[in-house]
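J.: Work the whole structure out from these sequences, hints included.
Residues per chain, in single letters:
Number of protein chains: 2
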Amino acid sequence: MISKGYKAADPVTKLVEELHKLPGIGPKSAQRLAYYLIRVPDEQSMQLSEAIAAVKQRIILCSFCANITESDPCDICGDMTRDQTRICVVEEPLDVPTLERTGAFNGLYHVLHGVIAPMKGIGPDDLQIGGLLERLKGGAIEEVVLATNPNVEGEATSMFIHNLISPLGIRVTRPARGLPVGGDIEFADEVTLGRALEGRQEF
Amino acid sequence: MISKGYKAADPVTKLVEELHKLPGIGPKSAQRLAYYLIRVPDEQSMQLSEAIAAVKQRIILCSFCANITESDPCDICGDMTRDQTRICVVEEPLDVPTLERTGAFNGLYHVLHGVIAPMKGIGPDDLQIGGLLERLKGGAIEEVVLATNPNVEGEATSMFIHNLISPLGIRVTRPARGLPVGGDIEFADEVTLGRALEGRQEF
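Sequence order for the protein chains is A and B. Start counting the first sequence at 205; every next residue gets the next number (our numbering). Start counting the second sequence at 205; every next residue gets the next number (our numbering).
A portion of the hints provided could be inaccurate.
Chain copies aren't distinguished; within one or between two, either way the pair holds.
[Said to hold, decoys possible] EDC-like cross-link-like pairs, simulated, lysine to aspartate or glutamate; straight-line CA separation at most 20 angstroms:
#: 1; residue 1: K218; residue 2: E296
#: 2; residue 1: K232; residue 2: D299
#: 3; residue 1: K225; residue 2: E247
#: 4; residue 1: K218; residue 2: E274
#: 5; residue 1: K324; residue 2: E359
#: 6; residue 1: K218; residue 2: D299
#: 7; residue 1: K218; residue 2: E254
#: 8; residue 1: K225; residue 2: D246
#: 9; residue 1: K225; residue 2: E254
#: 10; residue 1: K260; residue 2: D214
#: 11; residue 1: K324; residue 2: E295
#: 12; residue 1: K232; residue 2: E296
#: 13; residue 1: K232; residue 2: D214
#: 14; residue 1: K232; residue 2: E295
#: 15; residue 1: K232; residue 2: E304
#: 16; residue 1: K218; residue 2: D246
#: 17; residue 1: K218; residue 2: D279
#: 18; residue 1: K260; residue 2: D279
In case anyone wonders, no lab produced these hints; they're calculated from the structure.
T.: What follows is the structure, encoded as structure tokens:
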């Protein structure tokens, strides 16, 4: 006589399912978040709901750098105090504020929105590479920094773009590979340590 | 000339802030989730947004057991095939489906919505204890299972409720403390092992 059929109320089940679709949120976390959202004041959960909706309604891609923005051109492309001769190519919009925080680059950006990943069916045409080439044709760009992630897919994507750009006679660079600051040589992996030695700098 | 003032677009910042308020979501995870939501098809993010809104609009507390539900009484309180003489008291709505999955209890539930925690300013009056006592006054209940969490606050809350119920002559029980199934005696903590020995059962 045990009613195995008991389920949480429908809107709860639906919310758990939707939260579970987010990256890094497993079924247990999704459940915990759902019950948390039920418990908080209406105001807080409505703010989250509206923020999710608003981000899709108000965000567009900058027609120059393909970064996400509310206005076109974006704040960076529209800022004439920045160095208009350098473009830093990154994989994701998230990489732009990360690089900006370093204060070490004052040029423009170009966001690819992914990497070439044949296994996932993502080819060069799925990325914002065409727009990058258009920008380079203008002739004003002197340097392209390829700041994709230092992993297999990122390196392959940078190599692909490098091959496209090199005939244009533009300088192509990438961030140095080496020991992370604050790291420990003992725990550095062989590849990183090898790259750090190859690229060793004057003391 | 480095523009330190660069920030992500406003709706993005807002979304990151709102996601960061969720339990277990740090600033980095919040950022990653926000950019994920920007990337997914509109449909998926709208479904999440609507699910969060719907859960607050459609969920009420069952006037009997205080569990969250779409209809009052809830599915469990309204199910006359269940044992109407036993009530299992739990801390959170989430505990109900967890206990239901065991198939080991076929009675009714009562959800406290928290535990007594003087340090957080949560007293007995902030919990659904009054409603529980009302249900017991009817005289139909023969057993109350106190299934709060086996930690200090849960135990203290159970002790408090036990003291209120015992004058009513109703049997008060709690789930056995002992070794977790699949566990290893070598790794059991002393308290659990002590409880397991005290409550040892016939082979």
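J.: Can you tell me if K260 and D214 fall within 20 angstroms by alpha carbon in one copy, between copies, both or neither?
T.: between (26 angstroms within a copy, 12 angstroms between copies)
J.: Check K218 against E254 for me: Cα-Cα at most 20 angstroms, and say if that holds within a copy, between copies, both or neither.
T.: Both: 18 angstroms inside a chain and 10 angstroms across chains, each within 20 angstroms.
J.: With 20 angstroms as the alpha-carbon cut-off, assign the pair K225 and E254 to within, between, both or neither.
T.: So K225 and E254 pass the 20 angstroms test inside a copy (19 angstroms) and across (14 angstroms) alike.
J.: If the cut is 20 angstroms between Cα atoms, do K232 and D299 qualify within a copy, between copies, both or neither?
T.: This pair counts as between: shortest inter-copy Cα distance 12 angstroms, intra-copy 30 angstroms.
J.: Is it within, between, both or neither when you check K232 against E304 at 20 angstroms Cα-Cα?
T.: between (36 angstroms within a copy, 16 angstroms between copies)
J.: Within a copy, between copies, both or neither: where do K218 and E274 come within 20 angstroms Cα-Cα?
T.: between (31 angstroms within a copy, 13 angstroms between copies)
J.: Go through the copies and call it for K324 and E295: within, between, both or neither, with a Cα cutoff of 20 angstroms.
T.: within (16 angstroms within a copy, 44 angstroms between copies)
J.: When Cα atoms must be at most 20 angstroms apart, do K218 and D246 count as within-copy, between-copy, both, or neither?
T.: both (18 angstroms within a copy, 17 angstroms between copies)
J.: Taking 20 angstroms as the upper bound on the Cα-Cα distance, should K225 and D246 be classified as within, between, both, or neither?
T.: Only across copies: K225 and D246 sit 14 angstroms apart there, 23 angstroms inside one copy, limit 20 angstroms.
J.: For K232 vs D214, is the C-alpha pair at or below 20 angstroms within one copy, between two copies, both, or neither?
T.: within (17 angstroms within a copy, 31 angstroms between copies)
J.: With identical chains, the pair K218 and D299 could be close in the same copy or across copies; at 20 angstroms between alpha carbons, which is it: within, between, both, or neither?
T.: Between copies, since 18 angstroms is at most 20 angstroms while 32 angstroms is not.
J.: Given a CA cutoff of 20 angstroms, do K232 and E295 count as a within-copy pair, a between-copy pair, both, or neither?
T.: between (31 angstroms within a copy, 17 angstroms between copies)
When each numbered hint is compared with the structure, no violation occurs for any of them.
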